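> Quick note, the sequences are listed as chains E and L, same order. If you're matching positions, the first sequence starts at 0 in numbering that gives the first Met the number 0 and goes up one per residue. If you're matching positions, the second sequence starts at 0 in numbering that gives the first Met the number 0 and goes up one per residue.
Calculated directly from the structure, the hints in this document are not laboratory data. Incorrect hints may have been included.
As the list claims (entries may be wrong) - Chain L stretches covered by chain E per the calculated footprint, using a threshold of three residues with CB under 8 Å from any CB of chain E:
1. 34-44
2. 126-135
As the list claims (entries may be wrong) - What follows is a list of derived Cβ distance ranges for each label pair:
3. R145(L) x V371(E): 22 to 32 Å
4. H86(L) x A365(E): 28 to 38 Å
5. I94(L) x L435(E): 38 to 48 Å
6. L377(E) x R145(L): 24 to 34 Å
7. T434(E) x H143(L): 30 to 40 Å
8. H143(L) x R545(E): 44 to 54 Å
9. H86(L) x L377(E): 41 to 51 Å
10. Q376(E) x I94(L): 37 to 47 Å
The model shown is predicted, which means the values in this text are computed figures rather than measured ones. Ideal Cβ placement from N, Cα and C applies to all residues, glycine included.
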Amino acid sequence: MEPTSQGVPGPAAPQNEERLRLLIETGLLLASERSLDVIVQAALDAGLYLCGARFGAFFYNNIGVDGEPYRLYKFSGPDADACAALPMPRPTELFNVTFLGQGIVRSDDITLDPRYGQNPPFAGMPPGHAPVRSYLAVPVRSRGGDVLGGLLYGHPDAGVFAPASEDLVATIASQAAVAIDNVRLSERLTREISLVDAARSLQRQTSNRLRQALDAAQLGTWSWDRATDLLDLDERADQLLHTTPHVPITRTELRRRIVIAEDKGKATESLWRSLAAGGIYSGEYRVDAPNGLRTWVSASGITTFAPESSEVAGMIGTIQDITARKTQEAALCQSEKLAATGRLAASIAHEINNPLEAVTNLIYLARTDPEVPTPIQLLLEAADSELARVAQIAQQTLGFFRDTTRPVEIDLNKLLHSVVDLFARKMISRKIVCTLDLEPGLCIHGLQGEIRQVFSNLVVNAIDAFSSASVSKPDRIHIRGRHLRGRRDGVSILISDEGAGIASQVRERIFSPFFTTKQSTGTGLGLWVTRGFVEKHGGSIRFRTRTGDPSGTIFRVFLPGKMPAIGYPADNASPRLRV
Amino acid sequence: MQTTLLSSDSLKGSYDPVPDANSAAKLDAHLPRILVVDDEALIADTIVQILNRSGFIAEAAYGGKEAIEAARRIIPEIILSDVLMPHLDGVEAAIAIQKFLPDTRIVLFSGQAATVEILARARGRGYHFELLAKPLHPTQLLKHLRQS
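With the hints as constraints, model all of the structure from the sequences given.
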């Protein structure tokens, strides 16, 4: 916009119509403009033109990106160039009227104003300032009353600014104020929107990171509402708890559906405890999938509160599959038990075997002494056979008897027949029929004594599985042997009985040492030793059992064709064993 | 009390064998000589008595060093030795004896599970010894010793 017609001295105010048009155009421009610079310049120029000044300045306060206000200025008019290097106006009495928003100052000759020239160092206009006599200063105030800046005009001649000019510049000032207000509002909005955007993006990042962390830890999340008892599960939690996605389910129902009976109390107790006391809930329990697969899960959570309330509204937390950990723990526990038992057995073996040897010898000497009367010899014979039982138990159970031989080729057909023969008398007396169905040529490479022990133990258990009460039909034991070809070549031997089956509460423990169901007659070491030997041979032992009607148990022993090599310690590497 | 009870009986057995066994030994020079080694005197002495009654000429030694000396003296056909003994264990003693009596049959006799490992060590040095587990009934012991 072109300011005042240059070179025209004195009042050169445009005609009313032209003024009005300019006012409207400026108003429209200001209303649509979003650049503070352009607004300030347009308002300044319009004011200059409307009041016919030779010099104009717009000092305005701006807000920095840091939120701190600072003052800028623009000059306009033919004499403006002379002012470009001038310092900022100082808070003098005259300027304060404008910059504190106290009112408009219009003077026909400012140099005559009593407030003019009172301030050091210049006592008037600074050197280089265009000469000013006519003076018009209008504060620019926002709707809220804040002073946004001031429009200042000057003319070297006195009496240039008419009262009408004052009104026009005041109008321009208020239009500028609205425009600046709008710009600031829009800037603030933009700033806020970008803050919200930043917050949202941060939230997205955090949420992504959380999701990744949850994925990495294979954690599912859940929340529980106390009032409705409803659970909200994420995808992984749905998988872990075998629930259908997006189908509402209550905690009670879920618990009833999947948590196994033994663990139901555990899970609930922990929940109520943490609800009552606040703090962290954690529970580990087993769940059954619809396909029968059983897994261990661990859930932990913290209580949530209703807004502005101390009342517990529910809980939020995570859930994860800990089956692997539990299995490892059990295995570790088992192997620790085995190691401890092994050490115990070894130390007991020595302590027991030596006195047993001595007593056996003493009884033998007494019994075979021809001077000992027959009735006493009979007593000693009884003592001898009882002692033989003790010796046998000690040998079998204290793990002394180890095969000292090297692994050999074992003919399982022959071995199984001889094991069955060994117990034939016992089976006949209990009316048990034992059948064998063995493929020819079942051979493995292993330690003869241990393999014999494995099948002896299993056959003895099969015999003991029958309660003496059943007389209606003959009890049957069936032994089946097959070659296995596949990932690992070997043989599979099934030993099945139609006995009472193994009660569900003891199934997990039958391979543990010192666990027995045979009260006084069992040592609790048979199956433990059996599994030890089978696993030493690189094989596996499994069982299936049923206690209902019909009842029975099947043990399946897999033995690979060749047992893994057992390293004998090198001579110089082995520790010296002394007693 | 046990020691007292036995020392009279067993010592008599080992150093002053019962007349019939003694005379049998004199009569039949082919009776096998056997050295029984165990740091538990009760076990060594009772086995010596049982063997002397059963057609062997047995003598007891109560440690590894003693066993080596006795072996030099009596040149036994068989040595029946405990494995885990203080000072010099049965395997070391057996190896030492085997060096100067290569034809003597050595039977080790142990109540310890760890024996298997010790035996494996001897095997690693080229010595193959028989191993019997304690407790072993005298009838089985005699049966084993009579098998060549």
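> For a quick check of understanding: which of the numbered hints are violated here, in increasing order?
Every hint satisfied by this model.
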